[in-house]
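Asker: Protein chains in written order, with the working numbering: chain A, 31 to 278; chain B, 89 to 443.
One should not assume that every hint holds.
In the DSBU-like style, the derived pairs of lysine-lysine whose C-alpha atoms are separated by at most 35 Å in a straight line are [said to hold, decoys possible]: (1) K101/A with K220/A; (2) K261/B with K124/A; (3) K313/B with K196/A; (4) K101/A with K313/B.
Treat the hints as calculated values from the structure; they're not laboratory data.
Computed from a predicted model, the values in this text were never measured in an experiment.
Chain by chain, the residues run as shown.
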Amino acid sequence: MNESLIVVENVSKAFGGVVANSNISLSVPEGRITGLIGPNGSGKTTLFNSIVGYHPVDSGSIRFQGREISKLRVQRIARLGMLRTFQQTRIYSKMDCVQNMLISVPHRNTRFFDMFTRFPPQTLEKAESLLEFVGLYQKRHLISGDLSFGQQKLLEFAMALMNDPKVLLLDEPTAGINPTLINGLIDRLKRANSEFGITLFVIEHNMRVIMNLAESIYCLAHGEMLAYGTPDDIQNDQRVIDAYLGAH
Amino acid sequence: MQNDTTPAWVYIVIATAGVVAPLLFPAYTNQIAFLWLMVLFALTWDLVGGQMGYNSLGNIFYFGAGMYISAVVQVGMFTDVGTYTSARGGEQLVLGYFDYFYSLGAGVLLAAVGCVIFAVILSRIMFGLRGPYFAIGTLGVALAARELAGTWEWIGGGSGIAMPVYPGLPDEKSLVFYGIFFMLAVVTFVCVRWLYSTRFAQAINAIRDDEAKAEAMGIHTLRHKTVAWSVSAFFLGMSGAVFGNLTGFVEPLEVAFPTVTFGIFMVVMSLLGGKGTLWGPVIGATLFHVIKEVTWTYLLGWQWVALGVLIIVNVVFFQDGIMGWMQSRWPERFGITVDASMSSRGGKRKGGAGA
């Protein structure tokens with residue numbers, strides 16, 4: 031069995047009186063694709079935000095490569111090699127695609143005076159080849175905010191790859207993307223996993239996508255962990271079906 | 089901002105104009121010197137407000153702080169500051185050429201250093217504020233500094249400090265200070281032009297477009313913000329020091345912290361020329377300064393109304409300023425084009441995976 035890259039233990043998070051996550055435990059094995067599903071409002075994005083340090087957790091522990099990270103800030107965690115994409119796609123909308131890619135280089139080992147250097151030619155080559163990988167090479171000099179929503183999503187994915195993360199947390203990567211392009215995106219996610227060796231942890235609403243993509247799936251409902259298993263287990267789990275159809 | 093592709097003749101024309109102008113129009117030497125000061129104002133404001141998206145209304149603080157630092161240093165090199173200021177201008181500092189320029193140099197340099205220190209400290213405090221809160225917060229800093237300077241007796245309080253007297257004739261003084269302002273503007277331009285060619289530019293642009301994303305990508309946001317404001321403060325501090333010496337008299341309300349004139353002009357000039365561009369602030373400052381001088385001469389009494397109309401037209405019809413308007417009009421001239429080839433290897437394969 032692979033080692034766990036991310037280990038979440040008994041994490042709880044409440045906003046005022048609303049309990050978004052209660053006693054969540056899960057682990058994301060290195061080199062695999064893990065899924066996270068659950069009905070709307072079940073606490074998936076809150077859990078993502080807790081993991082990447084967007085807000086402090088109320089209790090529990092989050093470890094990344096064995097290191098406790100629940101007290102670290104967003105930037106520190108990102109520099110450790112754990113990156114997330116957003117449900118509402120976020121790119122640098124007034125810069126062109128190439129610039130979006132260039133500034134997404136890893137900042138793990140940057141020293142103070144590195145900010146006054148230029149990007150080496152290899153970085154530009156890498157940026158362009160990744161843009162080609164997601165199919166945006168032609169549009170690389172366009173202002174990214176003028177791209178279609180789907181293209182922005184692809185750009186955001188390419189930016190994440192540019193950062194050489196160890197693990198990528200994707201919040202609904204296929205939401206809002208034209209159905210005919212979803213297959214292409216699944217293919218690219220799988221290639222990012224197999225060719226670049228990036229561990230993926232994916233929130234997804236599209237059942238066809240997640241069942242196709244993930245090797246193991248966690249299911250949240252009402253802020254609690256409902257079920258865990260292979261795609262087949264999850265699909266046939268009566269509790270999961272009830273949660274989605276509203277039997278609660 | 090991308091690499092500067094301005095043709096060389098533009099620089100040659102500007103440099104020539106800068107050198108020749110005071111000789112051709114000696115009566116306007118001070119006005120043209122202030123034009124270079126305006127260029128410096130717009131460039132330093134745009135570095136933080138345009139390129140980084142932090143709309144500061146308090147950058148004038150560094151101008152005034154630099155001015156006071158240089159005043160204290162220059163006076164303090166020859167006499168006791170407290171005694172000098174308590175004499176309320178009864179005593180004037182008359183120096184020889186060497187002492188004058190030596191102390192001026194020291195004053196300008198220490199003003200720059202002091203303002204950078206202020207910027208580093210203020211960055212820690214102010215950059216926790218975002219959007220309009222940052223704008224109001226920085227305005228508060230400028231206003232507070234103005235009030236403090238007005239009550240601090242050691243630096244002259246409300247009645248100010250008289251600067252050392254220039255040892256030569258007034259015309260000569262005008263020319264010398266013209267030269268200094270011109271050089272300051274050129275050095276500022278060269279510095280920001282260089283900054284915009286490094287990865288620093290992409291980082292502060294990223295902060296402008298989506299700071300939360302920049303944080304999520306691991307960019308050292310506070311570090312970049314501090315450097316941007318410090319560079320801005322460095323040049324503003326020097327310009328304030330030189331301005332104080334040109335005026336000959338430093339007091340808090342009209343000279344050191346003119347929040348509603350220079351402090352607002354900085355913003356207006358950048359918006360007019362097009363914020364977030366290299367040339368926008370230069371064009372905006374030039375246009376603004378010319379319009380301002382003309383209305384002050386020919387529309388006296390209505391000059392503020394004329395400026396108000398200019399600002400309204402700018403904000404309502406040309407929100408992106410002159411450069412921004414040109415970029416949306418002729419995007420291909422700014423390199424915003426679709427590439428015909430589908431791949432970095434130049435092949436035109438069909439299909440691909442565009443969305």
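Asker: Does each hint fit the structure? Answer for all of them.
Answerer: Hints, one by one, checked against the model:
| no. | hint | result |
| --- | --- | --- |
| 1 | K101/A with K220/A | 31 Å, holds |
| 2 | K261/B with K124/A | 45 Å, violated |
| 3 | K313/B with K196/A | 28 Å, holds |
| 4 | K101/A with K313/B | 24 Å, holds |
The earlier numbered hint that this structure contradicts is number 2, and it is the only one.
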